[in-house]
Amino acid sequence: MFKFQKEQEIVKIAGVKIGGQPGELPTVLAGTIFYNKHEIVEDAAIGLFDRAAAEKLVNLQEIGSEETGNPHIVHIFGTTRKSIARYIDFVTEISEAPFLIDSPEGDVRAYAAEYVSEIGLADKAIYNSINMSINHSEMDALTLSDIDSSIILGFNATDSSLPGRMELLENGAGLLDEGLLSIADRCGIVNKLIDPSITPMGHGAGVALRMTITAKAKWGHPTGSGIHNAPSAWSWLNQKKEKDPVLYKICDVGSTCLQQAAAGDFVLYGPIENAPYVFPMAAMSDIMISEAVADLDIEPASRHPINLLV
Amino acid sequence: MKTIADTWPVVKGDYKVGNPKSRIAVVTLASSINSLPEAALWGSSKTENLGVEKIIANVISNSNIRYVLVCGTESRGHLAGHSLLAIHANGIDEKGRIIGSKGAIPFIENVPKEAVRRFQQQVVLIDRIGLVDSKEILKLVNKYKDKGEVYQDEPLVVCSPKKRRTAFAVPSSGDIIISEEFVMDSMAGVVCQAESLNSAIELN
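First to last, the protein sequences are chains A and R.
Mapping the first sequence onto the numbering used here, position 95 (from 1) lands on 95, and the numbers just tick up by one.
Here the numbering used here runs 310 ahead of the position in the second sequence, where the first position is 1.
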């Protein structure tokens, strides 16, 4: 393991600290709820879901977080304005944790930004994400909102190499008039969380690990990813899933450690049901990383797994 | 004339291979619909960039395929089906953007314009986005599986499944400290002795 020469920023969102040198803060873990085909969702268009089951899942994540010391974020996924508003209402009613607002549709994300501002919860929200698809109306909505935390996604659809992804953030890589970091500044984003973007394996999933290190070395912003998307998009593994679901889960959950070993500060670990496995695994990695940098003058936080579990 | 590339399908993905001599391939978008062996290829496609690339690469590397049935539920935001129709109708611009696509990030990285032109010429797209009825899909597959002739040209292989770039950068900074003796240049991805790096910088 290693230490960055560049000072590493630590942001604080709804009481959760993210960032720092490897081994300094516990990895922040975000489980997704209401995702596509989530069995607790009855009608994704209007946001009908099994409330008791949903509460149980959020509690599962909170229990994991409490036990290991790894802070948590609830990753809310919605596909319509109506559903995302209902999901936000529910999650913020039962949990104090920060939450990610995520949708594949720009106008739904923009609406969610407006909605959390209206209800006074923008300081708990993290926008997911500012990416190369952003247009003027989404930028305007984000600027007008009170949101000041966002994931900045390094997905470059025309050049998935390390320089291609870095340039997208820095100068727009010839695809945008300016870099995504500069766009984030203009939209009032103070807490920038860099996500190098997990493309499928065979299309540069591993580049994201390298970019985690490079982005932290260059900018010092907290960096992490939804690395489980690499195994979950792996056709070979999916073919094995039916026969051996444990094998699939091991790869899915285990990918968390790779992002941590590459200096990741946060991991979007996918289905929230996996919390009982992800939190201990992430805690284990955090402990080892912290031990590995102990002689580099890096002090682990008081609620770091190394101070709670060993 | 050779009609199928040696290593067809040339890129891996979430699909099943049926009869490689069939004239039809089936794209089920975000739906999972049981495959029929009468189709050459049968699989899902959820993205407006990599998904579209894979379909093009696997279709133009088999000259037997003359029809692509686009069915199943569209993926929200990504609009993979709409983007496939758009690239077939309009092609890509100089930046690789699919002209006319309303998908979130409709850019093509690994498929050149030449391949897009070939895709446009080789196949007819059957737009049945939203269709999930297996019986109706079977009817369409049976209607087109033997229809027409093999495409006039040999298969075109444009995507290698594993693209490797070879680049070596000489480390010029030690922005990551590994130990007293070793540092790493994060951009170059090289771990080196701190002392040698210092000497190199002094020489420059």
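No lab work stands behind these hints: they were computed from the structure.
The structure presented is a predicted model; accordingly, all values stated were derived computationally and were not measured.
All residues carry an ideal CB built from backbone N, CA and C; glycine is no exception.
Be aware that a few hints might be false.
Below, a sample of chain A positions facing chain R; criterion: calculated Cβ distance under 8 Å [as the list claims (entries may be wrong)]: (1) 11; (2) 155; (3) 158.
Any hints from earlier that this structure breaks? Give me their numbers in increasing order, please.
Violated hint: only 1; rest satisfied.
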